[in-house]
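Sequence lines, in order, name chains A and B. Residue 365 is where the first sequence ends in the working numbering, and the numbering goes up by one at each step. Residue 365 is where the second sequence ends in the working numbering, and the numbering goes up by one at each step.
Certain hints may be false.
Pairs count within a copy or across copies, as identical chains cannot be separated in the list.
Claimed, not checked - Straight-line distance between alpha carbons at most 25 Å, and here's what the computed DSS-like set of lysine-lysine pairs gives:
no. : residue 1 : residue 2
1   : K182      : K272
2   : K10       : K187
3   : K272      : K127
4   : K127      : K245
The set of hints was computed from the structure by calculation and includes no laboratory data.
Protein chains: 2
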Amino acid sequence: MINAIGYAAKHSYSRLKPLEFERDEAGPSQVEIEVLYCGVCHSDIHQVKNEWSNTVYPCMPGHEVVGRVSRTGADVTAHAVGDVVGVGCMIDSCRHCEPCEAGDENYCEGPNSWLATYNGPMVSAKKAPDGHNMYGRDNTYGGYSSVIVVDQDFVLKIPATLRPEVAAPILCAGVTTYSPMKHWGVKAGDRVGVIGFGGLGDMAAKLAKAMGAEVTVFTTSKDKRDEAARLGVQVVMENDEDALKSLKSSFDFMLSTIPEKHDVNPFVALLKRDRTLVVVGALEPLAPINNQAVAFSRKSVGGSLIGSIADTQEVLDFCAEHGIGPDIEVIPIQQINDAYQQVEDGDVRFRYVIDMASLQAEHAS
Amino acid sequence: MINAIGYAAKHSYSRLKPLEFERDEAGPSQVEIEVLYCGVCHSDIHQVKNEWSNTVYPCMPGHEVVGRVSRTGADVTAHAVGDVVGVGCMIDSCRHCEPCEAGDENYCEGPNSWLATYNGPMVSAKKAPDGHNMYGRDNTYGGYSSVIVVDQDFVLKIPATLRPEVAAPILCAGVTTYSPMKHWGVKAGDRVGVIGFGGLGDMAAKLAKAMGAEVTVFTTSKDKRDEAARLGVQVVMENDEDALKSLKSSFDFMLSTIPEKHDVNPFVALLKRDRTLVVVGALEPLAPINNQAVAFSRKSVGGSLIGSIADTQEVLDFCAEHGIGPDIEVIPIQQINDAYQQVEDGDVRFRYVIDMASLQAEHAS
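Could you build the full structure based on these sequences and the hints that come with them?
Structural data, given as structure tokens:
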């Protein structure tokens with residue numbers, strides 16, 4: 001066993017605190033990774049607070065993990081000791097279902113679905129159709145920790161030109177916005193609307209712009225408006241009815257990154273005929289969608305969940321190639337609870353990324 | 001002017017009563033049609049009762065019109081006196097916008113959108129962006145009438161092997177269900193779910209079956225269950241939770257024909273990954289859609305509105321070729337108010353089709 005330390009919540013109402021625990025040694029196909037940085041995702045907070053009613057405690061979040069390979073199993077060929085690598089939202093999947101065969105592991109239809117980096121498996125043994133747990137564990141501990149052990153197939157290569165702390169949020173926020181834009185065929189010249197400008201919205205706007213799209217960001221915050229404007233994209237306040245009216249039926253694709261229940265109807269109106277608005281931020285019931293507006297231009301409202309391993313590698317490489325990445329603020333792990341509060345208050349201009357050296361320092365002291 | 005008679009409502013709370021009126025003589029490109037039969041669509045009732053808050057009175061419904069050409073304008077080449085022809089939901093469109101150029105007149109983006117067969121134009125001059133009415137009329141009178149005059153491009157050919165009274169509902173119920181199945185690529189071997197089994201559901205099930213799909217009808221009515229079973233398709237009661245559970249993630253396409261606000265979530269669960277549920281029955285806000293279920297398999301919920309003129313001709317020809325059509329009950333127009341009540345009560349096994357000879361008889365007497 002490997003002695004590890006991380007930050008975890010013991011209950012839905014608990015603050016995150018240090019937790020010593022053990023990880024299994026790397027098996028033949030696994031990679032042991034010393035964690036260098038871990039991004040803070042809004043879903044970490046949802047999960048810690050049990051807002052999706054499926055949290056297993058203790059809950060140690062973190063699925064935007066970048067680190068250095070410290071050990072490899074005997075059969076590992078894809079990664080070598082010393083490599084800078086990443087781990088996103090998944091650390092395994094059933095590998096045999098149709099989506100897995102098609103390279104869409106994030107839609108794994110195995111009895112426990114994919115194995116989430118923390119709080120996994122996605123479908124617990126208790127809820128699986130046959131009560132079977134293929135992964136042999138009912139909880140996983142994420143990247144708010146000193147070390148992580150992951151199968152080589154679920155470990156991403158971090159391009160040399162990406163700073164590791166900048167790469168971290170690409171592993172979730174990046175691929176979550178990149179994957180639907182790829183799936184729904186966003187291309188150069190398209191008009192793309194990005195609704196909400198947090199960690200996902202920031203990445204969506206930068207990725208769409210790098211794809212050659214004409215990007216409009218919709219936000220309710222004047223601070224975020226100014227921030228988005230610096231990307232050289234159009235920015236519209238969501239309450240600016242005249243602006244919304246002038247943009248009617250003009251978008252080829254819209255992506256909603258708002259991380260809670262919201263009303264997509266004003267944005268459905270901005271889509272061209274036959275186009276789709278995709279919701280990636282909210283994993284909950286939306287406000288009622290008016291089918292009159294949807295049907296009158298044969299539109300659709302879809303959803304998308306993170307992205308495949310191949311998409312994740314693709315978006316990392318795409319970011320490196322185009323010199324883009326999230327705006328981040330590096331924090332020591334001791335500030336994590338305050339950071340959560342600020343994310344919940346919508347009071348963040350940057351994606352928080354935890355410098356894991358702070359954990360080692362605390363542990364050593 | 002042509003002296004005409006029809007059945008119309010004077011107010012939202014009125015019963016339909018005979019109304020004498022005048023129609024313009026056929027212009028050079030227009031066709032005068034003696035109406036033989038007119039189908040009764042659930043939307044006739046919505047419109048008469050002003051349930052979409054846009055009804056212009058008097059309201060003379062009817063957009064499933066079959067008749068015989070009685071006169072043609074000088075430039076008419078497509079139809080000849082004596083031909084049995086049909087008129088569906090539209091009698092004109094702007095013809096210059098991108099959807100019109102693409103042959104999608106039913107999504108016309110001209111300032112008044114398409115000209116509805118009754119209660120047209122779709123967007124009134126008052127609500128049009130520039131206050132302009134391209135059609136020169138603020139109301140149109142539909143097929144519950146002795147005669148109708150329509151531009152040749154919006155007149156359909158009724159195949160000789162289709163009885164005219166059977167052809168009538170294909171002009172709305174048929175194309176409304178055919179068009180989205182074509183657009184979303186339903187093909188032989190697909191599993192298609194049809195939600196609701198009224199006039200639209202009946203046509204959807206027959207069309208999908210004729211396309212070679214494996215069809216399942218979902219209904220809440222035991223009478224309709226038995227009726228649908230006679231088509232040789234699978235029928236599932238919507239409240240049969242075990243059956244719904246066993247059908248999870250198994251459909252390639254689902255079509256909701258329920259004509260009012262409803263909850264699509266139980267049916268979204270039945271779609272395969274990456275597939276779409278399309279709502280054609282309800283032109284109003286749906287119950288809140290749970291984006292968690294949508295996103296977890298990259299599904300979509302879309303809408304579709306009737307179909308193009310080309311689609312309408314195609315579905316008429318398809319029905320003739322495959323020997324399918326709606327189950328109908330022919331009624332005299334004097335029974336129209338009772339028929340409305342029965343449609344509203346969901347108490348109809350057949351599509352009502354008005355025999356217009358009854359109107360002439362009344363008029364003559």
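Against the structure, the hints:
Taking identical chains as interchangeable, the C-alpha atoms of K182 and K272 lie at most 25 Å apart whether they share a chain (18 Å) or sit on different chains (20 Å). Neither within a single protomer nor between protomers do K10 and K187 lie at most 25 Å apart by alpha-carbon distance, with minima of 45 Å and 52 Å respectively. Only between protomers do K272 and K127 lie at most 25 Å apart by alpha-carbon distance; the minimum there is 20 Å, versus 40 Å within a single protomer. In the homo-oligomer, the alpha carbons of K127 and K245 lie at most 25 Å apart only across protomers (13 Å), although the nearest pairing inside one protomer, at 46 Å, exceeds that limit.
The structure shown violates just one earlier hint, number 2.
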